[in-house]
Structure formats: C-alpha cells, structure tokens
Amino acid sequence: MRKSLLKTPPSGLSSRPGRPAAALVAVGVGRGRQSERTHSDGYHGIAPVGANGAAAGADAEIDSAARLRLLEALVSRADIAECAQAGLQWLEETLGIRQSLCLVRPIGEALLLVVGAHGMSRDVHASFSVSLDDWNNPLVTAIAGRQALFFPAPHSAPDRKRRPATPFADAPFQVLPFGSAGFSDEPLGVLLLGADAPVRADLQWFTSVVGQKLDQILRQDMLAEGDRRQGRERGLLNSIINAVSDPILLTDTEGRLLIANSRALTLFTATEEESEGRRSAVRMNNMLLSSALSSKAIEETGAARRELLLVNPIDGSDLVFELLSTVTEDPRHGSGVVSILRNVTDLRRASEEIEENYRKMRMAEAQARAESDRLNLIIDSVADPIVVTDASGATSLMNEPAERLFTLQRSASALEQRWVQANDAHFSSFIAGMLVSADRCRVGEIGLLDARTGEAMPVEAIAGKILSDRGELTAVVTILHDRREAIEKARLYEQLKQASDELERKIQAATADIAQQNELLRRQAIELEQASALKSQFLANMSHEFRTPLNAMLGYTSMLLQGVAGPVDGPIKRQLSRIESNGRHLLTIINEILDISRIEAGRMPLQMSRFRVPELIGEVKSELEPIILRSKIGVTIEVSKDLPLLWSDRQKVKQILLNLLSNALKFTHQGGVRVSVRPNPRERVLQLSVSDTGIGIAPSDQEKIFEDFRQLDNTPTRPYGGTGLGLSICRRLAQMLDGRIAVHSELGKGSTFSLILPTKGRK
Amino acid sequence: MSTKPDNGTENKPERPRVLLVDDYPDAREMYTEYLEFSGFEVVEAENGMEALQRAVDANPDIILMDLSLPVMDGWEATRRLKADKRTASIPVVALTGHALAGISEGAKRAGCDAFVTKPCLPEDLVKEIRRILETTSHRKVRRSGKYAKTIG
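Protein chains in written order, with this note's numbering: chain A, 1 to 763; chain B, 1001 to 1152.
It should be emphasised that the hints constitute simulated quantities derived from the structure, not laboratory data. A few of these clues could be false.
Result set (DSS-like, lysine-lysine): computed pairs, CA atoms no more than 25 Å apart in a straight line [to be verified]:
no., chain 1, residue 1, chain 2, residue 2
1, A, 654, A, 666
2, A, 654, A, 760
3, A, 641, A, 749
4, B, 1127, A, 654
5, A, 749, A, 666
6, B, 1127, B, 1082
7, A, 573, B, 1082
8, A, 621, A, 749
9, A, 654, B, 1082
10, A, 621, B, 1082
11, A, 573, A, 632
12, A, 666, A, 704
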C-alpha cells in the first residue's frame, strides 16, 4: 500500500495534477464474493437496506465495546490505507461484512481511489477507480447525493446495465457515501459493502468516525506533503541562488538581511572567529550596502542599476559591483528588497586597461609624430647637407643645404645648372660605390662645387647604410661636411702659430733683454751700495780727520783761555772766545753730518734699555744749564706721577730732547719754556713735550723745518745759529724708535714740539 | 821695584804718571803740556808697539790710548797690554776721533776701561783721568813707595 496518495500519485490513479482536496470513498464489500455474484444480480434502486443479506443479521445496535474497538483500532493509525483497512476489518468483525472496499477522493481530485480492500484481491487497488465527472455512474450520483444505495444482484440485462462496474460484479452490494466532517459538502469517499441485502445497521456512526479519521489523516498528509514540497522547493531555490556566482540577497525595509546566497554571505556576514580585518571589511560592506539601499528606497522606483564599491573580506581588494535592486511587495511579510550584485571588477579593470592602452597608444603615436617632426627639424637645422638615398640609389630625402647643392633652382643660369649637374654626378658615383661595397659605413672626399659661386668645395662625405631587421639595405644616409672652413681654419691656425712663434721669440728676446737689464741694475745696485758704503766710510774718515785738528785747535784755545801759557785778558781773551765758540759750532756741524750719514747708512744701532724719564730730563736740563743761564729764560719741568719706565734707546731720546730744548731756548726771547711728560696709557705712548713762548712757526712752514739744512730764515745773515740739521736728525731718530715728533705752533705765540714714544718701545 | 829713574822731581808731591799714546804730534804735545800743567807726569808714545814698551818701562798709573795708530793700532796694543801680567792692571782710556758706532764697543772688548771721544778739551780729559784714578785707587796696589797716595 502506498503510504500517501498525494505524495506520489500513481499514474493510474492520478489523471490530473493539482492540489487534492480531501475526499474519501469507502466501499464496503460483502464477504462472500461468490455468493454476491450469485445473489446480487439485480438492481433494486434506492431501497431500504434489507435484512435479507448476509449481514442483515447484524443490524443490531453496535454496542459500546465494538465502538471502543473501532476507536482503538483507528486512534493510532497515521496512514490512510492502514486506517481504511482497520475500518473494513472492524466491519467484518462487528457486522460480518466479509467483502468491502473503501475509496477516498484525494483532495482536489475528481476521482475516487481505493485506499482499502477487505476480502478482495489486491489488484483491486490498481484496477478500480471512480471518476466523479461520470454522472452516468450511479455511484457518482449516490455519492453526490450522500445517499446510501443498495445494488442487488441483477436479474436481467437492463438490470445489469444500470449497475455500476465494480469489483463486486454481479454480486449485491451496498453503497455508503461519507463526507468530510465539518468543512464542506464535498464528498470524502464511499464504502462499498458486499451484502445480500441492504445493511440496516446504523453505520452513520461508523462512517462519521472513519470519515473524520480519514479526513484528518488526509489533511495531515497534505500538510506534511506541502511542507516537504515547500522545503524541497526552498532547498532547490537555495541551491539555485547559491549556484549563481553573483551575490543575491533579500533585505527587509530596515535593511536587515533576510536571505542571502553564499556569495553574499561571504561579503556581508562574518562570525566571531574570523579575523578582525575580515570583520571590519564585512562591517564596511554592510554599511555601504545599506546606504545604497536606503538611497534606493528614497528613489522608490522599481529596478535600479548602480555601482557599489565593496571590499573583498578575503583579500581586502576592491570589488566593483553593479547593484540591481527590486522592491518586492508581500502582503504577509511586508515589502523587502531583492538585490543582485554583479561583480564588474574585472570588467571595470578590463575597461580601464583598454582605456589605458588606448591612451598609451595615442601617446606613443604622438611621440612618434613628435619624433618624426623633431627628426625633420634636426635634419633641416643641420648646416651640413644630409642626403638619404634608397637602395636603388635614388634620393629619397634631403635637407635644405643639400638641396642647394643638388637641386636645380628655377632661376638658375646655364652655368649654375652645370655646377649642380656636376655635383649630382659626383655624388651619384660616390653612392654607387657605396652601394656596391660591403662596408656599412664609408668616409670619403668629394670634390663638389658651390652651387652659388661655382668655387671648389671639397666635402667630406660620411655615408652609413641603414639595414632592416632582416639585414636588407633600406637606405643610405650621407652627411656632407664642407671642408673649406676646416681648410681655412687650418691655414689660419698655421698663420696664428707662426705669429705665436714669432711673438714667443720676441718675448724670449725681451725676457733676455730684461734679464740683462736686471743684471745691470743689480750690479748698479751693488755698486750704489758700495758707493754708499764708501761714502759713509769716507764721511767717517773725514769726520776723524776733521776732529783731529779741531781737537788741537779747541784744546789750545781752551788752554790759552785758562791761562796755561800765562794770563790772558782784554781783547785777546775775547778773540780766543770767538775762536772757541766757532770751533764748537764747527764740531757740532761735523757731528750732525756724521749722524745723518750714519742714519742713512743704517749704521746707527739702537741700544735699548729700560730707564726713568724724569732723570733723563734732569740730565738734559743740567747739560743745557749754561745756555739757560745765558738766555735768562725760565725752564719749568712738569712730570706727572706714576710715569711708566720707558723702553728705548736712552742716548737717542736724550739727543732729541737736547735738541728740542736748545731750539726752544734759541727761539724764545721772553716768557718761558716748559718741559712736560705725560703718559697716554690708552695709546700706550709717552708724550715728552717742550713748549715755548717764542717766535712760532706758520702752519705752512711746519713741515719744512724738518728738512735737512733747513732754517726758515735761510739768508746768510740769519740771526739764529745752528746747522739746520737738528730737527731733521730728531725726526729720523724718533722714527727709528717707532715714535714721531709732532708740532703745534702759532706764529708769534710760541711752539710745542712733542716727542711721542711707545712705552714698550720696539721689539 | 820701579825701573823708572827719578827724574829730578823728588821734592814735589808725587805726580801720577800718564802714558799718552797718540800719533798726532800736536795733540800729543797739547795734552802733555796740559797734563803736566795739571800736575801729571807724562810719558809719550807714537804708536802701539812703542806704547807696549813704554808701559812696561814706565809702569804708568793710566794709559791714554789713541786707537788709530801706525805700526800697531790701539786695539791691538790694548789687548796685549791687558794680556801681559805686568801691565794688565793699568787702566786704559781709549781716546779717538772716530765717532762711528761700534768703536767704543770694540774698544771695550779690547780691554779699555773708559772711552773718550775727540775732540776732547784738555780740561775734560783731565777730569776723566782723575775720575778713573779715583775709582781704581782702592784696588790698585802701588808698586812704588812714592805713590803713597792718589791725587784728588
């Protein structure tokens, strides 16, 4: 027995698809089939169930024990066939009905199928069914009318015709329809009971119990079948959407994920165990999706396509999707959004690549064009003629300078044409030679003519073969270089070299001359030095020679004045005094000349020492005491305290001061002379000043007084004595001591001569 | 111990003996005259060689030595005098008309005790001699009894 009629309807039973509505036909069949055939040969129409059948005797009240038995038999049954079988079994046990059939109408079918057969062959299931559309069938009308019918055994042929075809054949049987309890008037099924006479027993209870049970099972089966089918369909649907490589998902209006295929799950869901990176990618994807969908919801249109950029949670790469969303309206579950994401990453990438390639191609093309333009420009800008010849020797390209040589100008004269032709002939023969030779490159000289002037133009031709990838000659490029300039340059260079050589010779001669001059000068310098030394020696000698007689003169005069040779007085004494003073003057002159010559010859060595200045000034004053007394001029000395010791040549400082003080006395007639010493620590100098109230010196003359043999009044009858060498010597000495002499003077008011010396002296 | 004979000045106070070396006769005569006038005994020499002889012979108290001398110059003569034990202690005063620098240095190196530049007035020379004799008298051992005391 089939467990469920609806699950796998056998082809013989299920003539129509569709959802079966619950219906059951139970046919009770009498036990004695043979006897039925024998006795039930007539059609009695609708007749009260007689008691003449085999079961007629069981028309007694069905006791409660039997009822309980039925309920027990049925209660645990879940299978419709078992249930029917149990019911039919009960009928025999209780009422003695040996043959019976139970037919049920599957839900939605217009057909009654055998679900249970008692006391009959098994193939009755397959061989018997009742079409409810067959209104000629008395069974159908009986079922439709919910009438119990009894068919007695037929007695005649027309009788037999009125009988429906049943497994009971000519045996009498009872038809007992039953409905589904409660719902509708739809007939549920029918029982065919084999009985000799209409069954009088109250089977109302039985049919309602069995019908209810069958209906219940039928409905349960149907529901289970529906669930199974739904599950199967859902599984199918899932496997279908999972098979789709594009992510598909259903979201509710809130954007919550309701259904997603596996591809979508990888994009939008992540478990706790997965890596943080993957989870954050998923979070981001969810955000991106819901924002795309919410904006989609705002648009409130049907399907929409747009791009959605997501992150691949597996490798973090960018994915570009095309989002197709459709709003689905579902009255039960509310509306949702079905989204299909089509991965267009590769598409996008491919299109970008195509774009990039296209751009590169355009760039390459532009570059090639620029290259070509540049090449043309370069070739044209080269001053040297360039000719490109093809493999046959024909000219394929030449620049402007080459054109001038080899191309006939329209305005060319006959002579110029000849020049160009000659050039062409020369060049052609060079190229011909190049083409036949195996050399890749050749350098030669061609005697061309200047196409404008006709003058000879020797050119250096550098030709190179250009070969294709396969080694075939494609072109010969020849560059011609006008050698006239080079030749001219070489000539000029030669001239220049000659000039340079000439110059060098002259310079050498001049250098030799200069060397000679230098030698001469050197000798002269030596001679001068020697002469100077001789002069100094001479002066020294002279001074010695002067002094020796002067010594005797002064000595004797002094002795005479002292009265060594007897008393001297009166005019003689005065005359002797004149001799003495003039002798002294002469001595001074000699000494000063000697000093100057010594200084000039550099033979005045310094003898440095550290000494106190006030003592020196005292010595100077006492040495000049006779003159001071004679001049009646007061000499005051001002020395500031804490004077530093002076490091210098004491003798020379003294000589300078003597000179300055004697000058002051000489040129002062009234007033006084003041000698002062003042340190100037800031400049580390010591200033020794001699101030007088004498005749003074005009500013214009203040430099002259230091010149040799110079007195301002240079007349022979000058009133002041002296050689005029004193200040000159003083200045020289001061310079030797790293000092200087300064003058402040006003004509008629007086003068101040200052010797300024460094405290530390010279090193 | 003096080899010099007494030349008839015995009753006078003892006079310091000066050896005057100079090749210029006028100067020699002038100084001699003034020195004798000033109370000195003067022995003269004309050149260095003679000076050496006279210094040994006359054993003077002081020698006035001109430096530019014929035969033997004053520097050489001084060196020899100072090298000779007999004359080494006699002070030598260089006397020269050479005023060039270095002369006095050379003279000092040669052994001169003082240096006087000519022209030098006779009285200045006398002053210088007296000054030197004054300073050397303390250490000088008189070799003759008649020089019992120095002249001030």
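Status of each hint after checking the structure:
| no. | hint | verdict |
| --- | --- | --- |
| 1 | A:654 - A:666 | holds (18 Å) |
| 2 | A:654 - A:760 | holds (17 Å) |
| 3 | A:641 - A:749 | violated (29 Å) |
| 4 | B:1127 - A:654 | holds (23 Å) |
| 5 | A:749 - A:666 | holds (15 Å) |
| 6 | B:1127 - B:1082 | holds (24 Å) |
| 7 | A:573 - B:1082 | violated (44 Å) |
| 8 | A:621 - A:749 | holds (23 Å) |
| 9 | A:654 - B:1082 | violated (33 Å) |
| 10 | A:621 - B:1082 | violated (38 Å) |
| 11 | A:573 - A:632 | holds (24 Å) |
| 12 | A:666 - A:704 | holds (18 Å) |
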